[in-house]
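With the sequences and hints as input, model every part of the structure.
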Amino acid sequence: MLTDANSSLYLKRRGKHKIFIGMAPGVGKTYKMLEEGQLLKQEGIDVVIGLLETHGRKETIQKSEGLEIIPPQLMLLSDLMFPEMDTDAIINRFPQLVLIDELAHTNIPGSLREKRYEDVEIILAAGIDVYSTMNVQHLESLNDLVARITGIVVRERLPDRILEAADEVVLVDITPETLQERLLEGKIYAPQKIQQSLDNFFQRRNLIALRELALREVADNVEGEALASIPTGQFCNIHERVLVCVSTYPNSVQLLRRGARLAGYMNAPMYVLFVADPQRFLSKAESLHVDTCEKLCKEFTGTFIRVNSNNIADAIAEVAEKYHITQIVIGESQRSRWEILFKGSLTQKLVRLLKNVDLHIIATEKTSSSKN
Numbered sequence: 001m002l003t004d005a006n007s008s009l010y011l012k013r014r015g016k017h018k019i020f021i022g023m024a025p026g027v028g029k030t031y032k033m034l035e036e037g038q039l040l041k042q043e044g045i046d047v048v049i050g051l052l053e054t055h056g057r058k059e060t061i062q063k064s065e066g067l068e069i070i071p072p073q074l075m076l077l078s079d080l081m082f083p084e085m086d087t088d089a090i091i092n093r094f095p096q097l098v099l100i101d102e103l104a105h106t107n108i109p110g111s112l113r114e115k116r117y118e119d120v121e122i123i124l125a126a127g128i129d130v131y132s133t134m135n136v137q138h139l140e141s142l143n144d145l146v147a148r149i150t151g152i153v154v155r156e157r158l159p160d161r162i163l164e165a166a167d168e169v170v171l172v173d174i175t176p177e178t179l180q181e182r183l184l185e186g187k188i189y190a191p192q193k194i195q196q197s198l199d200n201f202f203q204r205r206n207l208i209a210l211r212e213l214a215l216r217e218v219a220d221n222v223e224g225e226a227l228a229s230i231p232t233g234q235f236c237n238i239h240e241r242v243l244v245c246v247s248t249y250p251n252s253v254q255l256l257r258r259g260a261r262l263a264g265y266m267n268a269p270m271y272v273l274f275v276a277d278p279q280r281f282l283s284k285a286e287s288l289h290v291d292t293c294e295k296l297c298k299e300f301t302g303t304f305i306r307v308n309s310n311n312i313a314d315a316i317a318e319v320a321e322k323y324h325i326t327q328i329v330i331g332e333s334q335r336s337r338w339e340i341l342f343k344g345s346l347t348q349k350l351v352r353l354l355k356n357v358d359l360h361i362i363a364t365e366k367t368s369s370s371k372n
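full-length UniProt numbering numbers the first residue of the sequence shown as 1 and each following residue consecutively.
The set of hints was computed from the structure by calculation and includes no laboratory data. There is no bait here: all hints are sound.
Here are the computed lysine to aspartate or glutamate pairs in the EDC-like style, where the Cα-Cα straight-line distance is at most 16 Å: (1) K187 - E177; (2) K355 - E318; (3) K18 - E164; (4) K16 - E168; (5) K58 - E185; (6) K187 - E59; (7) K32 - E65; (8) K115 - E140; (9) K41 - E65; (10) K32 - E53; (11) K63 - E36; (12) K193 - E181; (13) K32 - D173; (14) K355 - E321; (15) K32 - E168; (16) K63 - E53; (17) K16 - E118; (18) K349 - D314; (19) K41 - E68; (20) K349 - E318; (21) K349 - E332; (22) K115 - D160; (23) K16 - E36; (24) K18 - E35; (25) K18 - E168; (26) K16 - E164; (27) K355 - D314; (28) K18 - D167; (29) K322 - E240.
Given below as C-alpha cells:
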C-alpha cells in the first residue's frame with residue numbers, strides 16, 4: 001500500500017521517462033543506464049534498480065554494484081520459477097528514480113500485466129522517474145521492416161507511442177564492426193552462441209541497417225520535440241527533404257527523375273511542386289504534361305503539390321518553409337540573358353528568399369515550349 005506521503009506525491013506529478021535505445025543487444029544500453037544512475041546517486045538522488053538483465057556480462061554486473069536492487073517476484077511457469085519485476089514493491093519503496101531493463105519484455109503468464117512497459121506506465125503514473133532500455137527492432141511499426149532486413153520476426157514488441165511519449169531518448173551507438181568484435185570477445189553471448197549469432201542476426205549488413213533505423217528513430221524523436229517547442233521560423237531540420245519544382249517545360253520529367261535519385265541517396269521524402277499562374281489557362285498538352293509529372297511523382301512515392309500563384313519564387317519559398325525542405329531541384333532558366341538582366345532569375349530570387357536550403361540547378365537544352 002502507498003503511504004500518505006507517497007499518495008500526496010502521486011497527485012503532484014507524473015514521473016519522467018528516459019529511454020536508452022540501441023541497434024542491437026550488446027551496444028551498451030544497460031551499462032550506460034547504470035553509469036548515469038551511479039552518477040545521480042553520487043549527487044544524492046535516491047536511485048534503485050527495478051529490474052536488471054546482466055546476461056552474465058562482467059562489466060554490467062560491476063557497474064551495478066552499490067545500487068539498491070528491488071527484489072523481483074518469482075512466478076511459476078511449467079514447474080519452474082521465473083523472476084519478474086515487482087511493480088508494487090517499487091511503488092511502495094518510492095525512490096526518486098528506478099532503473100528498468102528491457103522495456104519490451106513480455107511478462108510471465110499470470111502476471112498482473114502482460115508487458116513490462118505497462119508496468120513502467122504504472123510506475124510513472126505513481127510519480128517515480130524511470131530510466132529504461134530497448135532495441136530499435138522492438139518497435140511495433142518496424143516489425144515487418146526488421147523481418148525483411150534480418151529474416152527474423154521479433155516477438156517482443158512495444159507500441160511506438162511509448163518511445164514518442166518519453167521525456168528523453170538517448171541513442172547508445174557503436175559501429176557494426178565494434179559490436180561484432182564485442183561478440184567475438186564473448187562480451188555479449190556465451191561462446192557456443194557466438195558463431196550462430198554472427199551468421200544470423202549479427203551479420204554486418206543487418207547491423208548497418210538496424211543502426212540506420214535507430215539513428216532515424218532518435219532523429220524523428222528530436223525533430224518532433226523541436227517542432228512542438230520552438231517558435232515558427234526558427235525550426236532546424238534534422239532530416240533531408242527534397243522539393244522538385246516542375247513546370248510545363250518538357251524537362252520537368254528529367255528534373256523529377258534527378259530529384260527522385262537525390263531523395264533516394266539521402267533516404268529523404270520527395271515533394272514535387274507545380275505553380276499554376278491563375279491568370280493563364282493551360283493548353284491540353286500542358287495539362288497532360290503536368291498530369292504526367294503527378295503520376296511519375298506518385299510512382300516515386302513522392303507528394304505532389306499544386307498551388308496557384310503569379311509569383312513563382314514566393315510560392316516555392318512558402319512551400320519550402322511549410323514542409324521544412326532542405327534540398328530544392330529546379331531547371332536552368334529558360335529566359336534570355338536580357339530577361340534575366342532586367343527581371344532577375346528564379347535562382348537569384350530563391351537565394352534571397354531561402355536560408356539553409358541547397359539549390360540544385362539542372363542544366364537542360366533550351367526549348368521553345370510554352371512555359372509556366
